[in-house]
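Knowing the structure of chain A, use the given hints to seat chains B and C on it.
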Amino acid sequence: MAQLSQFRLKGLLILAIVIFAVPLFITNPFHYGLATQIALIAGAVVGLNLLVGFAGQISLGHAGFFGLGAYFSAITTSTYGWSAIPALVVGAIGVAIIAWVVGRPILRLKGHYLSMATLAVGFIIAIILNNEREITGGPDGMPVVPFDVFGWELSPFGQYTLFGMEISGDLAWYLFAGVILLVAVWLAQNLIDSPIGRALRSVHGSEVAASVVGVNTAKYKSLVFVISAVYASVMGALYAHYQGFVTPAIAGFDFSIILITMVVLGGMGSTIGVIIGAVVLELLPQLLADFQDMEMVLFGLILMLTMIFMPKGLLPTAANLLAKRRKKSAGGDV
Amino acid sequence: MFSEFLQYLFTGITIGATYALIALGFTLIYNASHVINFAQGEFLMVGGMATVSLTAMGVPMLLAVVLAVILAGVLGIALQRLAIAPAKNADVVTLIIITIGASIFIRGLAQLVWGKEYHVMANFSSDEPIQVFGAVLNTQSLWVLGVGAILVAVLVYFFTRTLTGKAILATSMNKDAARLVGIRTQVVLMLAFMVSALLGSIAGIVVAPITFTSYDIGIILGLKGFVAAAIGGLGSGMGAVVGGLALGVVEAMAAGYLSSDYKDAVAFSMILLVLFFLPRGLFGAKVVERV
Amino acid sequence: MTALVEVNNLSKAFGGVHAVEDVSFSVEAGQVYSVIGPNGAGKTTLFNLITGLYTPTSGDVKLNGESTVRLQPNELAERGMCRTFQQMQICMNMTAMENVMLGRHLTLKSNLLTTLFRLPALTRDEKAAREKATELMEFVGCGEYLNAEASAMSYGALKRLEIARALAAEPKIVLLDEPAAGLNAVETAALEELIRKIAAQGITVMLVEHDMKLVMGISDRLLVLNYGRVLAEGTPEQIRSNPDVIAAYLGG
Chain A
1 MAQLSQFRLK
11 GLLILAIVIF
21 AVPLFITNPF
31 HYGLATQIAL
41 IAGAVVGLNL
51 LVGFAGQISL
61 GHAGFFGLGA
71 YFSAITTSTY
81 GWSAIPALVV
91 GAIGVAIIAW
101 VVGRPILRLK
111 GHYLSMATLA
121 VGFIIAIILN
131 NEREITGGPD
141 GMPVVPFDVF
151 GWELSPFGQY
161 TLFGMEISGD
171 LAWYLFAGVI
181 LLVAVWLAQN
191 LIDSPIGRAL
201 RSVHGSEVAA
211 SVVGVNTAKY
221 KSLVFVISAV
231 YASVMGALYA
241 HYQGFVTPAI
251 AGFDFSIILI
261 TMVVLGGMGS
271 TIGVIIGAVV
281 LELLPQLLAD
291 FQDMEMVLFG
301 LILMLTMIFM
311 PKGLLPTAAN
321 LLAKRRKKSA
331 GGDV
Chain B
335 MFSEFLQYLF
345 TGITIGATYA
355 LIALGFTLIY
365 NASHVINFAQ
375 GEFLMVGGMA
385 TVSLTAMGVP
395 MLLAVVLAVI
405 LAGVLGIALQ
415 RLAIAPAKNA
425 DVVTLIIITI
435 GASIFIRGLA
445 QLVWGKEYHV
455 MANFSSDEPI
465 QVFGAVLNTQ
475 SLWVLGVGAI
485 LVAVLVYFFT
495 RTLTGKAILA
505 TSMNKDAARL
515 VGIRTQVVLM
525 LAFMVSALLG
535 SIAGIVVAPI
545 TFTSYDIGII
555 LGLKGFVAAA
565 IGGLGSGMGA
575 VVGGLALGVV
585 EAMAAGYLSS
595 DYKDAVAFSM
605 ILLVLFFLPR
615 GLFGAKVVER
625 V
Chain C
626 MTALVEVNNL
636 SKAFGGVHAV
646 EDVSFSVEAG
656 QVYSVIGPNG
666 AGKTTLFNLI
676 TGLYTPTSGD
686 VKLNGESTVR
696 LQPNELAERG
706 MCRTFQQMQI
716 CMNMTAMENV
726 MLGRHLTLKS
736 NLLTTLFRLP
746 ALTRDEKAAR
756 EKATELMEFV
766 GCGEYLNAEA
776 SAMSYGALKR
786 LEIARALAAE
796 PKIVLLDEPA
806 AGLNAVETAA
816 LEELIRKIAA
826 QGITVMLVEH
836 DMKLVMGISD
846 RLLVLNYGRV
856 LAEGTPEQIR
866 SNPDVIAAYL
876 GG
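So the sequence lines, in the order shown, correspond to chains A, B and C.
Once you know that position 202 of the first sequence is 202 in our numbering, the rest is easy, because the numbers rise by one and skip nothing.
Once you know that position 73 of the second sequence is 407 in our numbering, the rest is easy, because the numbers rise by one and skip nothing.
Once you know that position 221 of the third sequence is 846 in our numbering, the rest is easy, because the numbers rise by one and skip nothing.
Keep in mind the hints are simulated off the structure, nothing from the lab.
Using N, Cα and C, we set each Cβ at its ideal position, and we do this for glycine too.
Fair warning: there could be bad hints in the mix.
[What the hints assert, rightly or not] Which bits of chain A does chain C cover? Going by a derived footprint, with three or more residues having C-beta under 8 Å, they are:
(1) 184 to 195
(2) 198 to 208
(3) 212 to 221
Isolated chain A, as found in the complex (with noise of 0.2 Å):
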């Protein structure tokens, strides 16, 4: 335990190292946006990692709650003029609430028949949001105004100062989205490392265990399912407004199967591998762009052969070699 809360701590360094040296090597505004949207979706993928990663639950409709987050803050701030950070809290807090209400139910279910729920539940969603044409402007979605705090605006097309230093609303979003990604990393760890995290991490290892020395599996798969929709959530909203768009996509199948596929490829129940999962999948497309038409073969291709040989994701894999290699060298010095 002690070298896990050690690990922790150096995990939370370097990622904050990363995030901070990241300015140094880019000055194309596009690579910003780039580099704030992953961050922003790392964060949610964090979040999702803490049920599919820890609890063992999965869920194929995540997107869904990213979309709720970003359309209760695009419409409320958009269309009502609400400022930003109490649209954010109060769409986080209706996000809770749906997902308790829909989670108690189908949490029950096990392995396929959760997959199959929770992929239901997010398609729903999605279908609405296209549908309410009058609310969320259909399948051509709806701008969004930027990000406020008490009247101060971030937006990327904006000019700041930092510290007496002049900066340009990109860094200033990516800097924004990067502390964000910090602080979501920081709870998540916490949560894990904890007498909570344990509770939902033995509901992965056996649920019969954690059952007859206390543990209400029901309630804290229920927890953990709330908390990782409040992460979609709040990182939609934020998404919302970086974009200064939305459209229903986000709340798709589509973007579902991303996030859950970065858990998956960063590697399960491994907080900066998922990060490493949202980074590789989000640049996968661009360095893929080049190829045109052979795209989307390539992805398919590449993602199979990844999840094939590496089934336990990029990090673990990588950590196992390390550790082998380590092994190997120490056993030479004997």
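Frame of chain A; chains B and C shown alone:
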């Protein structure tokens, strides 16, 4: 009033029969390997697209159908051999992602070979619809239902009367025991994927004149098949057929009487409702957890 | 003296087959009470009924006078009943220590707020839990695994770890389902010693076991099941001289 109802019923049963065939494909693979194959819909797409493009090249219809079905069968075997078999110890979610990767890959190939356009396939027989009590019945619907019924009959025969069919069933019940009595379970798994692909491609071909076809129709069809299989109870052949038909009819009624925008929402609400009361679907096996 | 566990006319049928039929007995606080019988006699089913994993077809189970047949396993744990399993239920995704700390679940007072922000109350709580878990791991003889992953432990050590986890919940009664299965003679002797030490702390022990020597040596009373029914009940001496038991075990 009645003719309207009948019209929706025809539409529902036709599309429901297609869902049932997809669901049967899911069931076959699920029984043999406990994998939910998210690439199932691609078999339909390949069946339809290959038939369209072959006939366009001047290949006679019947030969085109045979070739398309063979192509899908090969694809099914390849999927099992190259993607599922090497990952046999992977987590459930990992397997899901692998089949999703496979479906993106197949879709990508289809898009390369056949392009992104919608393709139209002619009805197998007359374009003149049949009038039944004021409702119109597309002749192709009869093809879908007829072929569906024949396939189900063949499957029933295959699983109850042939040794290969029984071997697949035995493997699905207990892999180790099946291996002990000399069944080559890897071959059985391959067969299950192949049969499932054959089913899917035939469904894809007969329904193509009704739905049109394009490289990306597999996603939503595959998902509907999964919904149908889950309604019926994963692993139950009977459940797949009932689930498929029920889903088709409910969808058509929802589209007709409520709103076509919300027909998919009704379908997905239906699965939630079913699972709420029957956590293992209509005909799903009841399992007592052993500890 | 009232019974700690009271079982009245308990039956459980699986699709018409009676796994447990009309079983009645009672266990008094402080006893070591064993359930024996041939394979398939319904011993584990009986344990599953008592611990809330199964709902009985008919009959009643009382813990401290309160009927428990409608309660979930976690609610029984809250009332002081914990158990281990014939097929061990260890969380292999956690460390050995975390498995035992999981047993402290009910005694910890952390909430979401103290957890998310890692407030001092949580750290204090965790420190105490870790100390208690360490003590228990040493008590059951898993002291060498304090920093091990559960997946790296031997079979025998895992069986003891499961007992430590059950004890971590500070139960009034523990049910051990075939704790000696798969253990060698030395390990079994250690287990016998461990059960005695647990009983000496005033914890009631219920045992399903095949090892007759172990059972006869440590039990205060025994229940013999055969085809789901009670064949005999009594002290080890009574059981040893019971003609039905002798017929079932030797003549069967």
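Hint-by-hint comparison with the structure:
{"no.": "1", "hint": "184 to 195", "in the structure": "holds (count 5)"}
{"no.": "2", "hint": "198 to 208", "in the structure": "holds (count 8)"}
{"no.": "3", "hint": "212 to 221", "in the structure": "holds (count 6)"}
In the structure shown, no violation is registered for any of the earlier numbered hints.
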